[in-house]
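Chain residues, written in single-letter form:
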Amino acid sequence: MRHRFDVRVGPVGFRIGADWRAPIAQLADLYRDYAKPADGIPDFTVRLTATRPWRRWIRPSVAITGDYTLPEAAPLPLAQGLLAAEMAMNLQMALGWRRHLLLHASVVENNGRALVMTGESGAGKSTLAALLAAQGWRFMGDEFALLDPDTGALHPFPRITSLKNQSVAAMAAIKPDARWGPLLAGTPKGDIRHLVPDASAISAMDVAAVPALLLFPRFGFAAAERSVPASEALVRLTQASTNYTALGEKGFVALTRLIASVPAVAIDYPDGDTALALIQRLMR
Amino acid sequence: MNGAPLLVDALRDPATVAGIGAQGWTALLTVARAEQLIGTLGHRLDGLALPDRVAAILADARASAEEGRRRALWEGEMAWRALAPLGCPVVLLKGTAFVVAGLAAGQGRSIGDCDILVPRERIGDVEAALLAAGWEWVKPDPYDDEYYRRWMHELPPLIHRDRDRMIDVHHTILPLTARIRPDAAALIESSVPLANGLRVLAPDDMIVHAAAHLFADGDLAGGLRNLWDIHCLLEEFGVDSLTARAQHHGLWSAVWRAARLANDLFGTTIPASWQVWDSGDPLVRRRLLARDDWGRPSRPVTRLGFYIRSHWLRMPPAMLARHLWIKWRR
Amino acid sequence: MIYCAPPASALLHQPLDAFTAVFHRSSGITHLLVPPAPQILATLSVEGLSRDALLERLRDEYDLADADPLALTARLDELVAAGLVTQRAARA
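Chains as they are written, first to last, in my numbering: chain C, 5 to 288; chain H, 35 to 364; chain G, 3 to 94.
I should point out that these hints are in silico values taken from the structure, not numbers from a laboratory. Quantities reported herein were computed from a predicted structural model and do not represent experimental measurements. Using N, Cα and C, we set each Cβ at its ideal position, and we do this for glycine too. Any given hint might turn out to be false.
Said to hold, decoys possible - Incomplete in silico selection of chain C near chain H, CB under 8 Å:
1. Ala-42
2. Asp-43
3. Gly-44
4. Arg-103
5. Gly-252
As the list claims (entries may be wrong) - Covered by chain G, according to a simulated footprint, are these stretches of chain H (three or more residues, beta-carbon under 8 Å):
6. 111-117
7. 327-333
Kindly generate the complete structure, drawing on both the sequences and the hints.
Here it is as structure tokens:
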């Protein structure tokens with residue numbers, strides 16, 4: 005393909021090709037401090053292609069494909085090519101990665117202990133992870149938590165984070181020196197910008213951490229907290245995992261061991277500061 | 035750059051991967067995934083000295099194929115639990131058959147739906163038993179349903195409501211609208227019982243079915259995997275009675291072409307007298323190898339030609355026009 | 003009708019709270035079971051028991067609320083549909 009960018013994030017190497025220069029240039033800029041795939045051999049290939057040959061130039065439309073594809077995935081306009089690339093990488097992980105049990109969660113670490121936050125869209129896991137990172141916690145990722153089925157440890161997977169409007173403004177105020185991707189308006193997730201993890205998160209992307217707390221946050225409610233029983237945690241985490249069934253017995257053992265060894269708590273919170281206070285107390 | 039020859043060479047002769055370098059490995063793994071052959075490649079290269087990344091990726095591919103095998107065995111088992119009380123033969127087809135029977139063609143193979151063959155006169159009972167045991171129709175469209183039941187060689191697709199896996203129930207191996215009419219009753223009569231009660235086709239019939247599936251059934255998309263199946267079956271069972279059996283089903287031309295191509299690409303052992311090029315072979319070969327080093331289908335004109343051809347083979351022109359018109363209006 | 007459980011090696015059990023998570027190796031499916039399902043599986047053997055024989059054993063070994071033949075049949079049907087229990091005709 006005409007334009008190409010290779011990058012390694014944590015244990016995963018990607019080869020990304022596109023029919024257009026712009027999304028590749030944006031990726032190369034935002035991921036400029038990241039490593040390259042080990043041995044020069046990527047784990048996954050992503051292709052951002054024109055939906056029809058003439059759509060390379062006329063109302064250019066980006067089809068998301070690669071080693072793994074969802075035929076029904078809707079194409080995006082070229083202006084959102086960066087988002088298309090990120091979604092394509094998510095798709096390869098979700099359908100193709102099996103070296104770790106994947107949980108749809110954000111992960112941050114402090115003093116070697118990792119906090120795993122999982123929940124529906126809008127629950128606030130990405131924003132909370134970014135806020136904690138701004139307070140000095142190590143950012144380990146906000147799309148996928150990678151649980152090692154043999155050791156029970158979490159491996160970092162710190163890609164750039166997509167944040168929505170209000171969160172963007174809040175983060176920009178807290179960390180004025182942060183690097184951002186372009187504003188992408190009118191995406192399927194609304195107006196978004198991508199936040200680049202700070203240098204310490206990137207340089208530590210091969211340093212694993214032990215999980216210490218499973219958190220199920222819910223944004224937009226009065227502050228509340230309850231312990232989550234093991235069976236409920238199991239159901240919620242299997243729903244949050246794209247490869248639990250693909251891993252078979254290893255997945256069962258890894259997930260039941262995680263639940264047996266790590267407490268699970270659900271919190272409701274009305275704003276970021278309340279959440280941070282709850283989290284600091286729970287992680288003591 | 036064309037990527038398919040890398041895959042063909044690696045499967046045919048694993049030693050050829052020595053020294054192919056990072057770009058070569060990247061292309062090879064991508065093409066293997068695109069052709070649904072990465073599990074097979076993982077099996078063929080198992081034990082060779084490989085770069086760390088490649089070894090890890092292929093170990094994953096083997097593990098993934100193993101999970102697929104387990105799921106396929108289970109779907110077969112659950113279909114048998116639902117159908118055994120009917121007392122009619124239930125014959126496994128394609129990938130599921132290869133893994134359940136422990137054949138070379140099943141090693142590392144990716145498996146999709148569960149395909150079974152049952153006698154045509156029992157298909158109503160089979161349908162009822164599956165629906166009672168938790169399978170549901172996938173598509174509620176009345177036109178497709180009528181078309182399917184009258185003309186196709188299988189029931190409309192069924193999916194299990196709890197396990198979310200599909201089963202395809204065939205009563206013959208080619209659509210009734212196709213010009214070729216294999217002997218479905220003979221396929222069932224010659225089928226071989228397995229320990230668990232299910233059956234598989236006799237070896238010659240497996241090869242005939244694979245060749246029919248490769249040429250007379252589809253547009254050759256995914257053809258390399260089907261051709262590799264045929265290579266494995268021919269190597270495992272040989273060709274002693276194959277010609278006569280294929281002629282009985284009216285599929286000798288397809289079987290012969292498949293054997294020639296398998297010999298050409300994968301080095302399959304076939305009689306010298308069979309190694310006579312037909313003028314259509316180069317075009318089919320070109321179609322089978324239409325995959326570039328990024329995993330994209332290449333050679334669009336060739337592919338389009340085969341897509342139209344596959345529909346032509348399935349139904350007469352007037353019907354084809356009506357079918358495409360109604361589908362287009364959807 | 004005789005109901006049979008899979009061999010012990012076919013299942014992995016993980017008690018959680020009121021639920022028990024059970025991984026069925028042949029199918030790769032994870033089941034969340036509540037009483038009396040785990041007790042039924044533990045009591046049925048590979049050789050199998052009739053419903054009434056099972057009911058007797060469950061009454062003797064466990065203090066179960068569902069000691070009603072119709073309810074037990076319903077539980078057994080659920081386990082059969084889930085693939086965890088097989089059924090065969092009683093041999094004369």
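Under the constraints set out in the numbered hints, which ones does this structure not fulfil? Violated hint (a single one): 7; every other hint is consistent with the structure.
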